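*Asks:* What follows is the residue order along each chain.
Number of protein chains: 2
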Amino acid sequence: MEYLKINEKISLHRFGTPLKTGAVTLDLTGNDFSEKTEINHLNISYEQERINLVYNLKPEDRIFGLGETLGCFNKRGMKFRLFNSDDPVHTPEKESLYGTHCLFMVDGEESFGIFIDYPGEMILDIGFSKKNIFKISVSDNNFDLYIFKIDTLQELTRNYLHLCGTPYIPPAWAFGYQQSRWSYPDADSVNDIADHCRNLNIPCDAIFLDIDYMDNYKVFTVSDDKFPDFAKYVKKLKKAGFKLIPIIDPGVKIESGYSMYEEGKENNYFCKDNESNDFTAACWPGKIHFPDFLSPEVRLWWGNHHKEFLENGIEGFWIDMNEPSIFYAPSALSSYFEQVKEIESLEDPGFELFRLKWLSESLANHPDYYRSFFHNNEGIQKVTNESVHNLFGFKMAEATVEGFKKYLPGKRYFLVSRSSFSGQHRISAVWAGDNMSWWEHLIVHIRMLLSLGISGFFYSGSDVGGFGCNSSADLVIRWTQLGAFTPFFRNHSATGTRSQEPWAFDDDTLNIVRETIRTRYSLFPYIYSEFMRSVRDFHPFVSPLMMFFDSERVKGIEDQFMFGESLMITPVIERNAIGRYVHLPECNWLLWKSSKWHEHNCVIYKSGDYFIETGLEEIPVFMRENTLMIQAEPQNYIGETIITELFVTGLVTDEAVYEYYTDNGEDSKHKDGEFSTLTITVNAIDDSFDIKVKINENFEVPMDVNRLSFELYGSKKGVYKETITLTK
Amino acid sequence: MEYLKINEKISLHRFGTPLKTGAVTLDLTGNDFSEKTEINHLNISYEQERINLVYNLKPEDRIFGLGETLGCFNKRGMKFRLFNSDDPVHTPEKESLYGTHCLFMVDGEESFGIFIDYPGEMILDIGFSKKNIFKISVSDNNFDLYIFKIDTLQELTRNYLHLCGTPYIPPAWAFGYQQSRWSYPDADSVNDIADHCRNLNIPCDAIFLDIDYMDNYKVFTVSDDKFPDFAKYVKKLKKAGFKLIPIIDPGVKIESGYSMYEEGKENNYFCKDNESNDFTAACWPGKIHFPDFLSPEVRLWWGNHHKEFLENGIEGFWIDMNEPSIFYAPSALSSYFEQVKEIESLEDPGFELFRLKWLSESLANHPDYYRSFFHNNEGIQKVTNESVHNLFGFKMAEATVEGFKKYLPGKRYFLVSRSSFSGQHRISAVWAGDNMSWWEHLIVHIRMLLSLGISGFFYSGSDVGGFGCNSSADLVIRWTQLGAFTPFFRNHSATGTRSQEPWAFDDDTLNIVRETIRTRYSLFPYIYSEFMRSVRDFHPFVSPLMMFFDSERVKGIEDQFMFGESLMITPVIERNAIGRYVHLPECNWLLWKSSKWHEHNCVIYKSGDYFIETGLEEIPVFMRENTLMIQAEPQNYIGETIITELFVTGLVTDEAVYEYYTDNGEDSKHKDGEFSTLTITVNAIDDSFDIKVKINENFEVPMDVNRLSFELYGSKKGVYKETITLTK
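If you read the protein sequences in the order shown, they are chains A and B. Quick note, in this note's numbering, the first sequence goes up one by one and the last residue is 728. Quick note, in this note's numbering, the second sequence goes up one by one and the last residue is 728.
So here's chain A without its partners, still in its complex pose (with noise of 0.2 Å):
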């Protein structure tokens, strides 16, 4: 075993040769690697192929990390298998969802980060089958062991992100409301709802097309039926202020005279099978070839092919089944009808028959299948899928992203990955994939946000209203006010399921929904300066409490989380709840009921603990003592007009400063400097609040802000209220 320490607080330990994943963009060359045999808090061990790193936990050690998984935000006591998998039912039990962020803290009297940089499978036992005992098993002897000297989870995320790189930051529409189902299918089932959208009031960026707006599935074609003219659509629609979003998936459909099966079957771009014959699975299209991503020059084959869509005013896509997921292998089929008639010819098939179900359930996704193809690892080695598994779908964001950086230069692109692998958060935001319309799941959506933030993907969002089973109106409500205070905020829903749109329900529902859509976009001047913000301090936008406060019981919270550094979101999860118990640590707080964008009424709470009363149409927000909310009149879209009036809430009771932020919202030049700020400082004095105002303008983006409308709070006179105008 090689070791490195990096700096202070990174040290290297690599096992073997490890394979290349792009994870990791610090560069290490030039560093010179010693022998250790030893790590630091893990016993080794050595099992055939297989590697298993074992830490003692003690009683008060809590495990956090771990990115997209299900269960708790403290991961202690349960049992993982990263290997990226395509499982829409997601049931606690589950050990695998559809990505792998190895990347992990033990918090406890002595706390330390640990990140694997590792393909294959992986399993993580944290406590299931034995309580103290937190074993990793990897199954192969190559890869790369980060350990992180670090205390806090801040730090360990600021830590990982240097070692792996910034995270992804979307176009500022991504911040608006995104409307989805599987499926709008054509141009009239979409404009029904661009249409619903703008006549009643809803603000809505994006629409997504699932899989149906294909010609028979058949990735990068749109069907002429059903979108006759899809270039003059596509920009229709973009002129009412909707970004069309359609979805890509890897396989590619065998089809004699399909040029995308054509060119890859010529140029050898397809994943092989055993004979060096290109590997056939099925999917949505029927069978299928899957394109080798692992391949630079197939990435570029499959990036140059974005061409049309980009050309023709498409800004995002959103890649899915990208695990790969695999309906059945046409081999497995065979082998399937036979068994079925093994057990036919039983005269009684007594226990046999639950074989029958257990047999078609597993030809979906089969693990033989990922031992079964291979992949021209970037053009020198040939892997089996199985080893290198959990970046196909890493691999197959590079592809997408080859096609933005050749047809949208220079720009920010919106991309959405279902499968992902530590290092996706530079290029692409992941979703949670396929949820249920269960009550169950909203707590799962946020512990799982939270997760995704300290791995980097700082941009991510689950099915708003759930996309399995019927979902209901009051479960809408609910899921929108937690949506509205998590970065992508959609509401997807799957096909035979009930519909779940803002107007599916009743008047009173909508109205709901609409005043927490309109809050949302209220706060889009603040959503975005705390996005950048947080990207640019490597602090997850989405946060938990502990990354703030200290103390064991903020450690426990999980049901409560920071979005910025402002607001403490306190989310009503319950069926028929009447409100919720809050813990608020350390200062004062203000809540704020947020069922009108510009209706605050707000309420100071010290210190503790309360049950607080909430209504179906109140989502309780708190804000945090001395520092500062804004907001802006809520427009039908990001960008429809010019933000020229803030207006701003705090509990100041020393000194808030808050740097509201903007930029042109649709390119990367921020990095260079062309963004302008505004700096708000309050301060509390004799029962009064002083104000001062600073604008730092790049001529490139002017600054529009021109009035300002305080209501602060903290003052024993009551509320403060006070309007400035800006002259330039």
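Treat the hints with caution; some may be incorrect.
Remember, identical chains collapse to one label, so a pair may be satisfied in a single copy or spanning two.
[Said to hold, decoys possible] With a straight-line cut-off of 27 Å between C-alpha atoms, the simulated DSS-like cross-links for lysine-lysine are:
| # | residue 1 | residue 2 |
| --- | --- | --- |
| 1 | 593 | 131 |
| 2 | 131 | 596 |
| 3 | 20 | 405 |
| 4 | 58 | 596 |
| 5 | 341 | 149 |
| 6 | 130 | 149 |
| 7 | 341 | 357 |
It should be emphasised that the hints constitute simulated quantities derived from the structure, not laboratory data. In this text the structure is predicted, and so the values were computed from the model without any measurement.
Put chain B on the given structure of chain A with help from the hints.
*Replies:* Here is chain B on its own, set in the frame of chain A:
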């Protein structure tokens, strides 16, 4: 529609000519029905064979009841299909479970209760599809609907039980701990469990025999290989304090020469198919026939077959698969194989592939099956199973009771059934069926228990540790802590899952679980006294807070419950939790963190909201002001020793009266006055306590208590201890 005012509280609306289900026991003969076309609160509409009843929900309305259903205790916002079903995956969207208990209360500005006595399918959409519409759809136009003019939930239960009879009382030992698994298949494995319990000092009263004890799953057989001398074995275990509880399934294996099969066939005891042949289904034994439990003659026959078990010393059974569960019907199987072949013949099956999964899934419990077999209801009518479906489990339980009546005359018996119907609370317990080792199922357990109590099932419980999938040490600990405060306290798990007996984990877990079970046994005098009183008073033993306290807030509390009249249980139901929130209504409360039965260290709390810190070994239990809790030294099994000393704990600021109740615990003579009581009266006077004890002894039931040790709180001087010795 006919109408009958039964009394000031209850009236009956009779639609058509309902079949007698046996739910109602109140004698209505001699009453004169009148004609009526309307029902208070409900709009009636007719839709072909169905009748729809609609109630317009007001914003504040809450719905309580519906017995064994998933979801919140307040059922508003949910949808249920009452059609008894064997579905082992209790995810939140499931509309059917094993039982039908169509009794509920609308709690709002105008409160009332409804009970529908109908054995076929009923669909209740309680504001799920439309937020303010509660629609009950009854699949036939012959049924009885009772309206209760009541204001409180306790009134609902009281009046319902007046109508439908007194709850089942199990033998006293049924309040002990019970150990189960699918399976302890033979004497060796049962011995192993018994030895572990006694050697490790884990109290236990019963061990369950799941399906594998039988000879080829043939009902009423015991495998000679596995239990060479069953009669002797039962007695041996009983001597050690263990009752053996075999499972009984309804399906009779089709096997020539097997007496149950031959007798059933010869006497036409089996349900018939369309062509009047014995209907064939498949279950554990392979192909089976179902006894027609709706016929009294069949019930007698079935009951008689318990002879050998009962004469061998068996005192209880659990009856299972009695929805009835059907793995497949042979006719469906051939159609299944045909359809599979059709799919096989397609060149590219595409989406048809999903049908393979769907086809195999729908082999079990297909709705068609229940349309294709027939009962000879009470010997007079030929009816489809579908039309009386929800009675099958109930009538099977009645058949079992025939056996008890004949071979254990006058004795109490133990009977727990998976499937159930209204009225069955008189003759059996139910348990929650095949739950999962999910933390999320702890709250499901609590809510279901509370709802079952409303329907008269005072003795019930769910599988501690969870039945399906793998449990873990911390989950077993928390679930045991909850189970210790539920009437039926059984640890049970499925084949293929991890063992979850108290000793299956580490020493720490063993110690905690043992102490928890010992605490349960220490509470036996309290539990038994309270249970018997609850039955006498028609007030659920385990009950929601709203049965004691009246506030909007209290009506929303679903994770705390009253256990008898003195104790409020606030179990910890989240993984890794370091405590939980509790709401303490109205009065003062005494917190006892029960980690050891005899260590109290109680703390007094005023009413309000609190976060109570709780170690993994602790379950927070609150004693209500001016009530008492009584305990005794834990035993290895109920009745092992005579209880001579009681430990009395309480927070007394005024007066507390407790009536300790005892009887022989094994028959019904208590109904004739064969019980004794000891009444403890504590008065708080001048910072001290005045204690009075009064014995009411029936000469058949000696009152053996001769020592009372008090630990009383509420005095300014701190805890007060006194021991009183009684002399007769």
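*Asks:* Taking 27 Å as the upper bound on the Cα-Cα distance, should residue 341 and residue 357 be classified as within, between, both, or neither?
*Replies:* Both ways: residue 341 and residue 357 sit 14 Å apart in one copy and 16 Å across, limit 27 Å.
*Asks:* Measure nothing new, just compare the shortest in-copy and cross-copy C-alpha distances for residue 20 and residue 405 to 27 Å and report within, between, both or neither.
*Replies:* For residue 20 and residue 405, only the intra-copy Cα distance (22 Å) is at most 27 Å; the inter-copy one is 75 Å.
*Asks:* Have a look at residue 593 and residue 131 and pick one of within, between, both or neither, based on CA distance no larger than 27 Å.
*Replies:* Cα proximity of residue 593 and residue 131: across copies only (23 Å, versus 41 Å in one copy).
*Asks:* With 27 Å as the alpha-carbon cut-off, assign the pair residue 341 and residue 149 to within, between, both or neither.
*Replies:* neither (59 Å within a copy, 60 Å between copies)
*Asks:* Checking residue 58 and residue 596: alpha-carbon separation at most 27 Å within a copy, between copies, both or neither?
*Replies:* between (47 Å within a copy, 24 Å between copies)
*Asks:* State whether the alpha carbon distance between residue 131 and residue 596 is at most 27 Å within one copy, between copies, both, or neither.
*Replies:* Between copies only: 22 Å across, 47 Å inside.
*Asks:* Is it within, between, both, or neither for residue 130 and residue 149, if the alpha carbons may be no more than 27 Å apart?
*Replies:* Cα proximity of residue 130 and residue 149: one copy only (26 Å, versus 55 Å across).
When each numbered hint is compared with the structure, a violation occurs for hint 5 only.
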